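A.B. asks: Put together the whole structure using the sequences plus the hints.
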Amino acid sequence: MIDMQNDGALNAYACIDTEKDYPVAFFTLAATSLNVPPEFRETGKDLNWDNYPSIQIDYLFVDKDLQHHGVGSYILSWIKLTAKQRRHEFEAYRFLFLNAIMTEQAIRFYKKNDFVIAEEDDQMEIEQTLENGLFVDDKECVVPMFFDLNSLA
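Quick note on numbering: our numbering labels position 54 of the sequence shown as 54, and the sequence is numbered without any gaps.
Quick caveat, the hints were computed from the structure, so don't treat them as lab data.
Since we're looking at a predicted model, the values are computed, not measured.
Just so you know, even glycine gets a beta-carbon here, dropped at the ideal spot from N, CA and C.
Don't take every hint at face value.
[As the list claims (entries may be wrong)] DSBU-like, lysine-lysine: derived pairs with alpha carbons at most 30 Å apart:
1. 111 / 80
2. 84 / 64
3. 84 / 112
[What the hints assert, rightly or not] Ranges of calculated distance between the beta carbons of each label pair, as one might list FRET restraints:
4. 68 / 92: 31 to 37 Å
5. 51 / 84: 27 to 33 Å
6. 141 / 38: 22 to 28 Å
7. 58 / 112: 32 to 38 Å
C.D. replies: This is the structure:
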């Protein structure tokens with residue numbers, strides 16, 4: 001069983017294997033806004049935003065030995081359900097947003113978890129990458145992806 005532990009002050013989460021009392025993953029959540037493609041915009045309402053308040057998923061890391069065992073998908077499902085519950089507190093949040101490192105494996109993983117590429121033209125370079133557990137200054141190409149919380153039943 002995996003337990004999501006939050007430090008209370010920050011939106012940083014450690015995912016702990018409760019049987020082994022061992023950290024298996026880490027992620028952060030932050031408030032942001034997302035410029036969504038026209039087909040995802042609300043129409044016919046007083047509020048027709050181009051940019052929607054969103055929750056950004058950052059720094060999602062899963063222990064290398066546990067990758068491809070459903071841990072990442074479990075975490076994304078937990079985030080989706082938690083965000084859906086928080087929508088009752090902050091109804092403006094409609095999307096989950098993340099910047100996926102542009103690798104076939106990462107894009108396939110997020111698409112499998114129902115994330116959509118925001119815009120092909122929105123690819124960008126980030127200034128830091130993770131190498132052997134440490135951030136190094138190097139440019140890595142990422143692609144913005146999002147999940148529409150309205151798609152949850």
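A.B. asks: All hints, please: hold or fail.
C.D. replies: Going down the list of hints, with the structure as the test:
{"no.": "1", "hint": "111 / 80", "in the structure": "holds (14 Å)"}
{"no.": "2", "hint": "84 / 64", "in the structure": "holds (29 Å)"}
{"no.": "3", "hint": "84 / 112", "in the structure": "holds (19 Å)"}
{"no.": "4", "hint": "68 / 92: 31 to 37 Å", "in the structure": "holds (35 Å)"}
{"no.": "5", "hint": "51 / 84: 27 to 33 Å", "in the structure": "violated (21 Å)"}
{"no.": "6", "hint": "141 / 38: 22 to 28 Å", "in the structure": "holds (25 Å)"}
{"no.": "7", "hint": "58 / 112: 32 to 38 Å", "in the structure": "violated (20 Å)"}
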